[in-house]
Every structure is written in structure tokens, then in C-alpha cells.
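Those protein sequence lines, which keep their order, are chains A, B, C and D. Position 20 of the first sequence, counted from 1, bears residue number 20 in this note's numbering, the numbering being contiguous throughout. Position 11 of the second sequence, counted from 1, bears residue number 11 in this note's numbering, the numbering being contiguous throughout. Position 492 of the third sequence, counted from 1, bears residue number 492 in this note's numbering, the numbering being contiguous throughout. Position 442 of the fourth sequence, counted from 1, bears residue number 442 in this note's numbering, the numbering being contiguous throughout.
Hint data in this document are derived by calculation from the structure and do not stem from the laboratory. Take the hints with a grain of salt, since some may be wrong.
Stated by the list, open to error - Sample of chain C residues with no beta-carbon within 10 Å of chain A, all distances over it, derived:
hint: 1; residue: TYR226
hint: 2; residue: ALA374
hint: 3; residue: VAL461
hint: 4; residue: GLY484
hint: 5; residue: TYR625
To be verified - Keeping only pairs whose Cα atoms sit at most 27 Å apart, straight-line, the calculated DSSO-like set for lysine-lysine is:
hint: 6; chain 1: C; residue 1: LYS423; chain 2: C; residue 2: LYS495
hint: 7; chain 1: A; residue 1: LYS142; chain 2: B; residue 2: LYS95
hint: 8; chain 1: C; residue 1: LYS423; chain 2: C; residue 2: LYS62
hint: 9; chain 1: C; residue 1: LYS166; chain 2: D; residue 2: LYS109
Said to hold, decoys possible - Some chain C residues near chain D, calculated using beta-carbon distances under 8 Å:
hint: 10; residue: TYR10
hint: 11; residue: ASP185
hint: 12; residue: PRO462
hint: 13; residue: PRO537
hint: 14; residue: LEU540
Note that beta-carbon positions come from the ideal geometry of N, C-alpha and C, so glycine has one too.
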Amino acid sequence: MEIDILKTLIFYGFAGATLFFALLSIFSFRILYSLLSAVCVFFAVAGIYFTLGADYNAVIQIAIYGIAVPILFVLAIMFTSDKLDKKTYITVQPRFFFSFFGLGVLFLSLIYLIIISLSLNSNIDWVMQKQAVFINKYQMFKAISDGFFVDYALAFELFSVLLLIVVVGISTLGLIKEKTDD
Amino acid sequence: MIELLFDIGLYHYLILALILFSIGFFGAIVAKNMLKVLISVEFMLTAVNINFIAFAGFFDNIKLSGFVFSLFYLAVGAVEIAIALAIFYLMFRTKQSVNTEDYNCGKE
Amino acid sequence: MEGTFINNIYTVILFPLWVFLLIILGRLLNVIQSRRVISLLTLASTLYGVIFAVVTFLYMLKTPDYVYENSYAFLRIENYTLNFGVFVDNLSVIMLLVVTTISFLVQLYSTNYMYKDRSFPRFFAYLNLFNFSMIGLVLSPNLFQNYVFWELVGVSSYLLIGFWYKKPSAADAAKKAFLMNRIGDFGLLAGTIAISYFIYRYSDEASLATVPFSNIGNIGDYLYSYTNDAVFVIICVLLLFGSFAKSAQFPLHTWLADAMEGPTPVSALIHSATMVAAGVYLIARLYPLYSLSDGVMNFIAIIGLITALICAYFAITQNDLKRILAYSTNSQLGLMFLALGAGAYTGGLFHLVTHAYFKSMLFLCSGIVIHSLAHQQDIRFMGGLRKYLPLTAACYLIACISISGLLFSGFCSKEMILSGLLKNNHYIFAVGFLIVALMTAFYMFRSYFVVFEGDFKGSNVPLKSPFLLNLSISILAVFTVFLGIFQKGFEHFIKFGNDIAQSENLLNPVFISVSIAVLGIFLAFVIYCKKNKIIKPKILYQLSYNRFYIDNFYDFLSKKIYYTISNICAFIDKYLVDGLVILAGLNTRALSWVFSKMQTGNFQSYLAYAVIFLAISFAVLMFAYTMIMQYAFLSGVS
Amino acid sequence: MQHLSVLILIFSPLIMSAILFTPFFKNNEVRIRRFSKGFASLHFLYSLLFLVFFNPLNQGISYYEEIKFFGTSWIQPLGFKMAFGLDGISLLMVILTSFIFLLALIASKSNIRQKHKFYYSMIFLLQTAVLGVFCARDMFLFFMFWELELVPMYFLIGQWGGGNCKASAMKFVLYTFLGSLSMLLGMLLLYFYNFSTYGTMTADFSAISVSSPEFPIFLQVFISILLLIGFAVKMPIVPLHTWLPDAHTDAPTPVSMILAAILLKMGAFGVIRFNMQLLPEGFQYLVPLLLIFALINIIYTAFVAYAQMDLKKIVAYSSISNMGIVLLGLCTLNLIGFSGAVFQMVAHGIISAGLFMLVGIIYIRTKTREIADLGGLGDVMPRLMGFGIILSLASVGLPLLIGFVGEFLVFLGAFNSPVDELSAPIKIYSVIAISVLVLSAAYILRLLHKTFFANIFEKWSKINDITNHEFVVLFALILAVAFFGVFPMSILDIIQPILANILEIFKI
């Protein structure tokens with residue numbers, strides 16, 4: 001079996017970065033730091049996309065999650081800036097432990113599922129299937145545009161309507177006045 | 001068996017997505033800061049996106065429907081964040097706090 | 001000419017129904033309000049029935065063994081057909097005659113008697129409903145239609161007993177009557193369905209599955225051959241339960257005395273003459289069936305004898321005039337059962353006919369008395385009414401003589417029963433019969449002497465009785481006096497097998513029964529007219545006055561036991577079933593505290609619950625999945 | 001016959017419920033009410049047209065229509081179709097539905113005081129859901145409408161009810177929802193089994209209705225139980241019935257009428273559609289067990305009803321008892337009992353609607369339903385008492401009224417049943433069941449007497465008799481009660497061929 005060691009290293013690099021920054025983002029004291037870590041996560045995930053051949057998705061990911069969304073967050077942080085960031089660190093309610101164990105069980109059972117399916121179905125080729133064909137960039141763009149404008153045209157139109165609704169909705173939300181009675 | 005670790009296949013991506021999803025979920029539960037909760041939700045969305053693209057990359061080389069839908073999903077995520085932030089800001093105006101403990105409006 | 005009448009005899013059933021609907025709808029839509037119109041319509045419908053009955057009867061006299069049947073399918077499922085229709089034979093035409101004539105006279109009576117009542121139209125509507133159902137019952141071609149109208153007469157009786165629904169006692173009495181009758185209906189329906197099952201399942205003739213009366217002999221034979229003795233007896237007893245309830249026989253006899261809460265014409269029509277006789281009528285109809293088993297026949301006779309004895313015994317000490325008559329009715333019905341059960345078929349039925357006339361007359365007389373004393377029913381406050389109501393007193397006396405078996409029609413019918421009993425060698429029953437006859441003569445003349453002789457004990461001067469009331473009772477008196485003449489004709493008209501009373505040893509029973517009756521009258525005369533003090537045996541008196549405490553026992557059964565069972569069930573339902581389903585009592589404090597603590601209102605805790613739930617379900621699913629896969633591998637599916 | 005559209009029949013109430021929100025209606029409650037009533041009567045007439053052109057000898061489906069989306073069926077890849085069809089039973093239920101909804105709308109006038117627009121649109125939504133359930137020819141379409149019915153019911157009970165109505169509505173929804181989860185599981189099992197055996201993805205009733213010989217019996221029984229749990233909640237069968245008294249007590253009168261008259265029938269209808277038509281062997285296997293449940297249903301609830309102090313609860317428990325008779329009829333497995341069961345469904349629909357209307361009328365005037373507080377109302381409400389007496393007598397199964405025929409046929413059928421004597425002594429069961437004649441008379445007479453008879457309380461001496469629209473509702477019901485009691489063949493003729501067809505599947 002031939003192993004593309006470069007690809008392996010790239011994958012583990014991006015994956016490690018993703019998980020590291022994700023944890024960092026959740027466990028950092030300052031909200032700004034956690035936002036920065038989140039941006040790192042999004043960049044790393046874009047790299048993961050790249051290893052899968054989804055260059056276009058990676059670019060969009062960076063554009064939206066790497067740049068646009070953080071700007072929104074930064075604005076929100078500026079509006080709601082609180083000196084006492086440490087007070088809003090992480091909860092020590094029972095739910096911390098409950099969710100920790102719950103997610104642990106969930107995680108383990110899913111891993112178990114994966115192992116079971118590996119051991120049961122290893123003779124089926126799709127389990128160990130590689131990316132059979134290296135995706136041609138031209139093909140990819142053609143496929144995506146076909147998807148947008150031919151196959152899923154209805155969904156696309158609906159989505160544009162959704163965006164319109166969102167624009168209207170946000171402006172309506174912005175127009176809501178503060179209640180005077182307390 | 002050891003080559004399973006190095007030979008990057010579909011399962012590596014799936015497990016990565018699973019871990020990221022769990023972290024996101026955990027963050028959404030334990031974070032005290034409202035904005036951090038939103039960030040955690042974004043992690044969960046991203047994890048789902050990874051699954052989309054991984055499945056498409058491994059099985060659907062011709063039509064790449066997973067790629068298309070991940071794009072939809074990205075846009076939906078962005079929109080969701082925009083609205084969530086708008087609502088959060090409105091709530092913040094009345095509560096003057098980012099602490100989730102203050103937002104127990106589910107209780108009547 | 002007669003053919004036209006007989007072919008259209010179903011209109012006799014439908015005419016009263018039509019009048020009933022007319023009155024009810026007229027009231028509802030405020031169209032018909034006039035009392036005169038209502039009573040005229042009712043009388044017309046009944047008179048119509050009388051004419052038809054008379055014409056049919058005359059035709060039947062000319063052509064013996066004539067049977068007319070006509071029906072249409074009410075229900076048809078596969079080859080199971082349930083017919084409704086009319087069936088005319090000798091027995092039903094006699095019953096039709098009795099029902100329509102008494103009904104007509106009672107309606108004539110109530111036109112005056114009930115005139116001042118606010119609910120006059122409702123009363124007449126109910127009377128029409130009763131007419132409809134009773135005539136339908138009499139003309140039923142099969143047991144199913146019989147059941148249908150059986151229930152309908154029960155309902156009309158319920159409505160009429162509860163006519164003055166504002167009186168709690170009347171309402172309770174109505175309820176009691178309905179429930180008791182329902183117990184009988186339960187038996188009748190179960191028995192009917194059972195017969196129907198055996199015939200439908202085993203015999204070739206599916207048309208017999210609805211138990212047509214025209215073929216009852218065959219059905220009895222089939223049933224007897226398809227079942228073993230125990231099942232046959234059970235079916236017969238179930239059917240008999242219907243008769244017992246309707247005719248107020250021993251275990252279910254308590255409702256009849258309470259039913260006297262209804263208006264007096266109703267008592268005269270329904271609870272003495274017609275409806276309560278339906279039980280006897282049904283036994284006569286199913287006689288070929290019952291007579292296949294001696295056990296069943298003896299059962300009928302014994303129940304009849306018990307009822308006759310205890311009810312006569314109760315009647316001796318009652319103080320309410322109508323209650324005396326009610327227990328008397330009860331006891332006479334018992335005699336009819338006794339007669340039928342002991343093989344005196346014709347005698348029993350003839351007693352039914354004669355009893356219908358004189359008992360309804362008695363009730364109508366009591367109605368006049370009660371009316372003239374402004375609703376006073378207690379005989380201790382009456383007395384000497386012969387001076388104020390001479391015609392009523394005369395009629396009452398005639399009826400008393402008749403019912404005691406001294407003279408007139410009652411004498412004939414009782415003599416027929418007694419000779420029938422002797423002929424079939426039922427000497428114990430004959431002795432019982434004579435004891436009943438003694439008590440009958442005693443209590444009837446007791447009531448006569450207390451009410452009509454002696455001094456008046458009331459406060460207000462009694463009212464005169466109006467013309468219409470007098471007219472009805474006079475006509476009935478005529479019937480009572482002269483009906484005995486037709487004894488021989490009746491014997492030939494209605495017969496079962498070769499059951500004709502032999503006249504050789506007629507003298508003995510006549511002598512015995514008449515002397516017994518005279519003895520009873522003499523005792524009553526001595527005690528109540530001459531006011532001789534006698535020592536009342538206290539225990540016996542109390543037992544009789546309280547009716548062996550059977551009523552109290554039933555009250556206890558219904559009010560305490562039944563209610564307790566219901567409450568236990570309701571408790572189980574509310575706390576056990578409901579509680580088990582909703583997590584063993586969500587209402588308890590501890591759990592609700594836990595739940596309220598869980599509901600912090602923080603969305604993140606809800607998320608945590610979701611995670612836990614998700615994790616548990618995933619873990620379980622994984623476990624199950626593994627198990628299934630292992631099973632699949634072991635069994636070699638893959 | 002081709003001009004009649006099942007789609008219009010089913011979806012026109014939905015459209016009507018949307019139309020009610022147009023500016024034309026604004027908040028003009030009189031206009032809303034009149035249009036609703038007019039529409040409902042038109043709908044009733046339209047459903048009667050189906051009856052006119054119905055051919056009862058056609059044993060299959062008489063009216064069949066399928067919606068296609070751009071040339072493909074509803075969910076093409078999974079083989080789900082949006083197909084509707086009417087057979088004899090459906091037709092009967094459809095007509096009953098539109099009849100009862102019309103009467104419920106008329107009765108709404110005096111019961112609904114607020115949020116008229118929302119109320120009427122919810123009622124129409126409910127009507128669409130119910131009609132969809134009765135007409136669906138696809139398992140998952142059936143399920144969709146079954147669940148859709150919960151939404152309006154939740155609002156109808158929770159918004160316009162009295163007492164502890166929010167909790168009752170929640171209880172109702174949760175119960176039904178849990179039941180339908182189990183039902184969905186059963187449906188999925190059936191669907192996937194069919195798929196794995198024959199390789200066709202289909203959920204069409206007629207496509208999977210043939211029971212194959214290799215369908216393992218334990219799987220059939222398992223699926224039957226799963227489905228039965230769902231239907232048992234709705235029907236209701238005893239251990240799962242406790243939502244019903246609460247829901248009835250707190251629901252407004254028209255909703256109670258609909259709930260008792262139609263929604264309970266959905267359970268029985270589901271049993272016929274799924275358990276009897278699709279899984280006959282499984283059903284037959286379960287019959288001895290179901291017979292015992294039916295008996296408990298009949299006798300036990302009759303006792304419970306006698307102990308209740310609330311008028312509506314008495315009627316509610318009597319409903320459960322009556323549905324027990326339906327279940328008994330379904331378990332007899334012969335045509336007599338089966339037709340009796342379906343007839344009893346209709347009969348109970350009409351009678352219980354009337355009884356709830358009666359109780360509602362009393363409640364509006366006296367603001368109480370406690371038996372101890374009432375009495376002697378016959379003095380001031382003679383017309384209502386007349387109606388009450390007729391309805392009560394019909395309810396206890398008086399001959400020549402509608403209640404008798406169903407009960408009688410069920411008992412007769414039970415006695416003639418081909419069910420194995422060793423596993424279930426059905427003759428003894430049926431004799432026990434006949435005792436309901438006495439028990440039902442006991443509780444119904446208690447209701448009647450404590451309400452209308454005896455002395456009247458001083459405080460009720462001023463209340464009025466029924467108004468005209470209440471009169472219309474009750475009178476229509478009484479007409480139906482009397483007509484079908486005297487001419488039962490008019491119903492039995494419609495249903496007999498299809499019932500015979502269903503029974504042919506059973507191997508008896």
C-alpha cells in the first residue's frame with residue numbers, strides 16, 4: 001500500500017490546528033481571544049476542504065467565516081464590551097459535568113459505530129475508498145454551477161428569497177424601540 | 001492496522017468532524033458568554049460542513065452535490081449569525097449583560 | 001271485507017306512532033296546543049285499533065286456525081335476515097282485543113282525569129307511544145321484534161311512571177322500574193341471541209334464526225336436539241328472566257309497587273292490565289319451547305307461586321290504596337305464571353284476560369276515590385265513601401267479588417286454573433293456589449270495607465265523580481260481569497295440545513274455591529267492618545308491612561354495593577391507571593420539586609438534557625445494533 | 001361520477017381556513033361565523049353527492065385521485081404517493097365528519113367568545129386533517145394527516161377551553177404523540193419489510209395489502225402490537241384512556257363534540273385499515289387478548305362512569321364504553337359483528353355529539369357541571385329535557401333508535417363468532433358484554449335524573465330554554481338518531497360489500 005505521506009501530514013496539521021484552536025476558543029478567558037481562535041479554526045477548516053479538493057469551498061469559507069463573520073462578532077463585542085470577562089468564563093453548574101459525560105458517551109458510541117462498521121464491512125470497498133479521481137478544477141466549477149443553476153435551481157431561488165427576508169428582518173429588528181416602561 | 005492511521009480515508013474526516021461537533025456542543029452548553037455560545041454553534045455548523053464535503057469528495061466526483069450544499073450551508077450559517085447577533089443585541093439592550101445566566105426567559 | 005282489514009292490520013301499530021309524533025312535534029313547533037284535538041286524535045287512533053281487533057277477531061272465529069303473517073326486512077346481513085312485521089293468530093288477536101279496549105277506556109277516563117294537568121299533551125303522547133309499542137309487541141312475528149317492542153313498552157312505562165318528574169319519589173320509582181326491566185331485557189336478549197345462534201349455526205333453515213313464532217314448535221325441537229340439558233335450561237331461564245322482570249315476579253318484583261307513583265290511569269293501563277301481562281304473553285308464545293323440559297315448567301310454576309304468596313301476604317298490611325292493588329296485581333300475575341307452569345295453559349291465559357278488565361277497573365275506581373279526596377291515598381283516612389260515590393262503590397264491589405273468585409269472570413278463570421292444576425296432579429300447587437285465594441279475598445274486601453263502608457274519616461267533603469270517569473268504569477264493569485260467559489268459547493279458541501279442562505270433577509274445585517273465598521270475605525268483614533279487635537302478631541305484621549325487607553336489601557345493593565364498586569373503579573382509574581401512565585404520580589411533591597428544579601429557564605441546561613438524552617439513546621441503539629449484527633452473523637444471514 | 005373530486009373534498013376546508021385570514025373578514029365575527037357555517041353546509045352537501053354516485057357493489061375504492069408534483073409522485077424516491085381514495089367505510093366516515101363539523105360550527109356561536117378568526121380556521125384545519133386520515137391511500141400520508149390533527153386540537157383545547165385546559169391539551173397531545181411514535185415504528189417496519197422482500201419501495205395500502213405466506217407471524221404480531229398501541233390511544237382502549245376524560249372536560253363544547261364523534265373513530269378506522277386489512281394474521285393472533293381488553297373497556301368504564309360527579313366525565317366514560325363495543329365487534333371476525341362495529345361507530349358519533357351538546361347547553365346557562373349542583377332543570381327547560389331523554393335512551397340502546405342496531409349486531413356477531421373457543425370463550429364474553437345494557441342504563445339514568453328530574457334549585461329558576469341554533473343542532477342529531485334507527489340498512493348497504501371483502505382475507 002502506497003501512502004502519500006505529504007497528504008497525511010497536511011491533513012494531520014490542519015486537523016490538529018482545528019481542534020487545538022477550537023478548544024482554545026472555548027477555554028480562553030477573553031472573548032476577543034476566543035474570537036481570534038475561532039477565526040483560526042475556520043482557516044484550518046478551509047485547509048481541510050482544500051485537502052478534499054474543494055478549493056472553491058475553501059475560498060468561500062475563508063471569505064465568509066474567516067473575514068465577514070468575525071467582523072460582525074467584533075462589532076457585537078464592541079457594542080457589548082464588558083470589563084468583567086472573567087465572570088463570564090465557563091459555567092460550573094452541574095450541566096458542565098452532565099454534558100461532558102453525555103458528549104463523552106455520544107462520542108464513544110459513535111466511534112464504536114465506526115469501529116464496528118470497519119470490522120464488519122472491511123471487505124466492502126467504499127469504506128477504504130480513496131479519492132479515485134483527482135478533481136479537475138474546471139470540472140469542479142462546472143459541477144458547482146450546474147448544481148446551482150440547473151439541479152438545485154429551485155433551492156437557489158428559495159435561498160435568495162430567504163436572504164431577502166433576512167435583510168428585511170434584520171432591519172425590522174433594528175427598528176424596534178426600547179421599551180420605556182420598566 | 002497501523003496504516004489506517006496514515007492512509008487518510010473517509011473515516012479520518014468523519015472523526016475529525018465528530019470531535020469538532022462535540023467541542024462545539026460542549027461549548028454551547030458550558031460557555032457563559034452569549035457570544036461564545038454563538039461561536040460554538042458555528043463550530044457545530046462547520047463540522048457538519050466537513051461531513052458534506054468529505055462525503056461528496058469520496059463518493060460523488062461527478063455532480064459534487066455535497067459541495068453545492070455546503071455552500072448553501074455556509075450562507076445559511078452566515079445569515080443565522082447575522083440574525084442571532086441582531087436578536088442578541090436587542091436582548092442585550094434590556095438586560096445589559098452578556099451572561100447567559102441572566103437570560104432565563106424560558107422560565108415563566 | 002275482512003281481508004282488507006287483516007291485510008292492513010299494520011296500520012294499527014303505526015297510527016298511534018303517528019299520533020305520538022304529531023303531538024310531540026306539534027308541541028315542539030308550537031302548532032298543536034288544543035287539548036281537545038289531542039285527546040280526540042288519541043281516542044280515534046285507539047278506536048281504530050278496537051275496530052280492527054273486533055273485525056279480525058270475528059273473522060278468526062269463523063275460520064279456525066287462520067294465521068296471517070306479513071313482514072319486511074329490517075336488517076339483512078348475508079343470509080341472516082331480521083324481519084319486522086305483523087303476525088296474527090288466535091292468541092295475538094285476543095291480546096290485541098284486550099289491549100285496545102282497555103286502552104280506549106283508560107284514555108277516555110284520562111281525558112277527564114288529567115285535563116287540569118299542565119302536561120296533558122305529554123301524557124297523551126306517552127299513552128300513544130305505549131299503545132304503539134304494546135300493539136307492536138302483541139303482533140310481533142318473531143322473538144326479535146318482540147324484544148324490540150319489549151324494550152319500548154319498558155321505556156313508555158318508565159316515562160309514564162316518571163310523568164311527574166318533579167316528585168323525587170316518582171323519579172326514583174321510574175328509574176327503579178327501568179333498571180329492573182333492563183335486567184330482564186339483558187336476559188331476554190342473551191337468550192334470544194343464544195337461540196338464534198344455535199338455529200343459525202346448526203339447522204339448514206336460516207330463516208328460522210330470528211325465531212319466528214309461527215314455527216316455534218320446530219325451533220323448540222331443533223334447540224332441544226342441538227343442546228344438552230344444561231344449556232337448554234340456561235337459555236330458557238335467560239328468556240324467562242325477561243318475563244319475570246316485565247311481570248314483576250319474585251326476585252324482580254319490587255318495581256311494580258313503586259311504579260304506583262305514576263298517574264292512576266297509567267297504573268290501570270300499564271301496570272295492571274297490559275304491559276305486566278306481556279311476561280305471561282311471552283311465556284304463552286314460547287310455550288312449546290318451555291314445555292320440552294319439566295324442570296323449566298316447574299321453575300315457572302314455583303316462581304309464580306312464591307310471588308303469588310308473598311305479594312298477597314304483603315298486600316294484607318299495606319295502607320296505600322294503590323299499593324294494595326299493585327301487590328294484588330303482582331300476586332295475580334304470579335297465579336298466571338303458576339297456571340302456565342303447571343300446565344293449565346288456557347286457564348292462565350283466560351285469567352290474564354279477565355284480570356286485565358277487573359284490575360284496570362279497580363285502579364280506575366281507586367283513581368276516582370283519590371281524585372275525589374284531593375290526592376289522599378291512605379286508606380286510613382277514607383271510609384264511608386259509598387254514600388258519596390255509589391257507582392264507584394258498586395263497581396269496586398263487583399271487581400272485588402270477581403277477583404276473589406266468588407262470582408263473575410274471576411270465578412270462571414280461577415276455576416279453570418284450579419281444575420287445570422288438579423288435572424295435571426299438581427296438588428301442592430293447588431294448595432298454594434287456595435291459600436292465595438284466601439288471602440286475596442281477605443285483602444280485597446279489607447280494602448273495600450275500609451274505603452267504602454263505615455264512617456268518613458277525611459276532612460274535606462269528597463267531590464262528585466264526572467260523567468266520563470263513571471262511563472269508563474261502568475263499561476269495564478259490564479265486561480267483568482259478562483266475560484265469564486265466554487269461558488267455553490275461549491277454551492276452544494286458545495288451546496295448547498289437548499288441554500281442555502275436564503268437567504267431571506268440576507264440582508269439588510268449585511265448592512272448595514268458593515268456600516275459601518267466602519271464608520276470606522267473612523274474616524275481612526269480621527275484622528274491618530265490625531271492628532273486632534284482633535291481636536296482630538307483631539313479627540308477621542312487621543314482615544309483611546316491610547315486605548320481607550327485600551326492598552331495603554335492593555336499596556342497599558344499589559346504593560351501597562354498586563356505588564362502592566364504582567367508586568373503587570373510579571379511584572383505580574384516577575390514581576392507578578392515570579398515575580402509572582404519567583410516571584407514577586407527577587402530582588406528588590417530590591417529583592414536582594425535582595422537575596421544577598430542572599426547569600431553570602436557562603436554555604443551556606435544556607441543551608444539556610438534550611445531550612444526555614441523545615447520548616443514552618445512541619448508546620442503547622449501538623448496543624442493540626451490535627446485538628443484532630452478532631445475531632445475524634451467528635445465524636449466518638450475511 | 002368523474003366530476004366529483006376527492007381533493008376538493010379534503011383540501012377545501014384548508015383553503016377556507018386560509019381565506020378566513022384575508023382582510024375581507026377583518027374582525028367581523030358575524031361575517032366569519034356566517035361564512036364558516038355556509039361553507040360547512042356546502043361541504044356537507046358536496047359530501048352527500050359522493051353518496052349519491054357511490055356504487056356499493058364496487059368492493060374496492062370508488063373514488064381515487066393522486067396529486068403529482070411536476071409529473072412525479074409525492075416523494076418519488078421512497079415510493080410515497082399523495083393518493084386519496086374512498087371506499088364504503090371512508091365514505092361513511094367522511095359524511096359523518098362533515099355533518100358533525102357543520103353542527104359543531106353552528107354550536108360554536110354560544111360557546112366561543114374570543115379569537116373567532118383563529119378558532120374557525122383551526123376548526124377547518126382539523127377538518128382537513130380528519131378527512132385526510134379517512135381518505136389517505138398511503139401509509140405515510142395517513143400518518144402525516146394523523147399528526148397534523150394534533151396541531152389544531154392542541155390550540156382548540158388549550159385556547160378556548162375551561163378549567164385546567166392547557167394541561168389537558170398537553171396531556172392529549174403527548175399521549176397521542178407517544179402513541180403515534182409507536183405507530184410510526186410499526187409502519188416503518190412494515191415498509192422496510194415489504195421493501196426487503198419484494199424490492200419495491202411502496203407505502204400504498206393496496207400495494208402492500210396482500211399478506212404473503214412467508215411473512216413471519218411473529219413479525220406480523222409485533223407490528224400489529226406497535227400499530228395497535230397508536231390506535232389504542234386514540235380509540236381509546238383502557239389502560240391508555242386517561243387523556244380522554246380530561247380533554248373532554250376542559251375542551252369547549254363544539255370541540256368535545258368533534259373529539260367524541262370523529263377523532264375517536266379515527267382509532268377504530270386505523271385498526272380496520274392497518275391491523276385488519278394489512279396484517280390479518282397478526283390481528284387474528286391477537287384477537288383473544290383484544291377481546292379481554294374490549295370487555296374491560298365495556299364493563300370497567302361503565303362502572304367508572306357511574307361514580308363520576310361531572311356531567312362531561314360521565315359522557316366521556318360512556319364514550320369509552322361504547323368504543324369497547326366497537327372493539328368487540330371488530331374482534332368477532334364475522335360480517336354481522338363487523339358491520340355492527342362500523343354501525344356503532346356512526347351511532348356513537350351521533351349520540352355522543354348530542355350528549356356533549358346537551359351538557360354544553362347546561363353549562364353555558366348554569367356555569368357548572370357538577371351533578372350535586374344541578375337538578376330539576378326539566379321544569380325550566382322542557383324542550384331540552386325532551387331532547388335529553390331521547391338522546392339518553394338512544395345511548396342506552398333503545399330499539400328503533402340508532403344505538404340499538406350497532407350494539408345488537410355486535411352481540412349477535414360475537415355469539416356467532418368463528419374465534420377459537422379454546423383460546424377465547426367468546427360466548428361467555430358476549431353474555432358478559434350484554435350486561436352493559438344494565439350498566440349503561442344505570443349511569444345514563446343517573447345523569448338524566450340528577451340533571452332534569454326532582455326538585456329544582458332556586459338559583460336555576462330563571463334560566464332560559466334552548467335557543468334556536470341549539471335547537472337546530474339537537475334536532476338534526478335527533479333526526480339522524482331516529483332515521484338510522486328505523487332504517488339501518490341505509491348504512492349497512494354502503495359498508496357491507498367492503499367489509500365482506502376485508503373479511504375474505506382472514507383464514508377462518
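So, going through the hints one by one against the coordinates:
Chain A leaves TYR226/C outside its interface by the beta-carbon criterion, the shortest separation being 64 Å against a cut-off of 10 Å. Every Cβ of chain A is farther than 10 Å from the Cβ of ALA374/C; the closest lies at roughly 75 Å, confirming the non-interface assignment. Once the 10 Å rule is applied to beta carbons, VAL461/C is consistent with being away from chain A; the minimum gap is 84 Å. Every beta carbon of chain A lies more than 10 Å from that of GLY484/C, the smallest distance being close to 98 Å; the non-interface claim holds.
The claim that TYR625/C lies off the interface is violated: its Cβ sits roughly 7 Å from the closest Cβ of chain A, which falls inside the 10 Å cut-off. About 15 Å separates the Cα atoms of LYS423/C and LYS495/C, which keeps this hinted pair within 27 Å; it holds. Distance restraint check for LYS142/A and LYS95/B: the Cα-Cα separation of roughly 50 Å exceeds the 27 Å cut-off, and the hinted pair is therefore not satisfied. Distance check on the hinted pair: LYS423/C and LYS62/C sit about 30 Å apart at the alpha-carbon level, beyond 27 Å; violated.
In summary, the hint linking LYS166/C to LYS109/D is not supported, as the alpha carbons are separated by about 32 Å, beyond the 27 Å threshold. Given the 8 Å rule on beta carbons, the hint for TYR10/C is violated: about 14 Å separates it from the nearest Cβ of chain D. For ASP185/C, the shortest C-beta to C-beta distance to chain D is roughly 6 Å, which falls under 8 Å, so the interface hint holds. Here the hint on PRO462/C is broken, as its CB sits about 30 Å from the closest CB of chain D, past 8 Å.
Of the supplied interface hints, the one on PRO537/C is violated, with its beta-carbon coming no nearer than about 38 Å to a beta-carbon of chain D, more than 8 Å. For LEU540/C, the suggested interface contact is broken, since its CB lies about 34 Å from the closest CB of chain D, more than 8 Å.
Of the hints listed earlier, those the structure fails to meet are numbers 5, 7, 8, 9, 10, 12, 13 and 14, in rising order.
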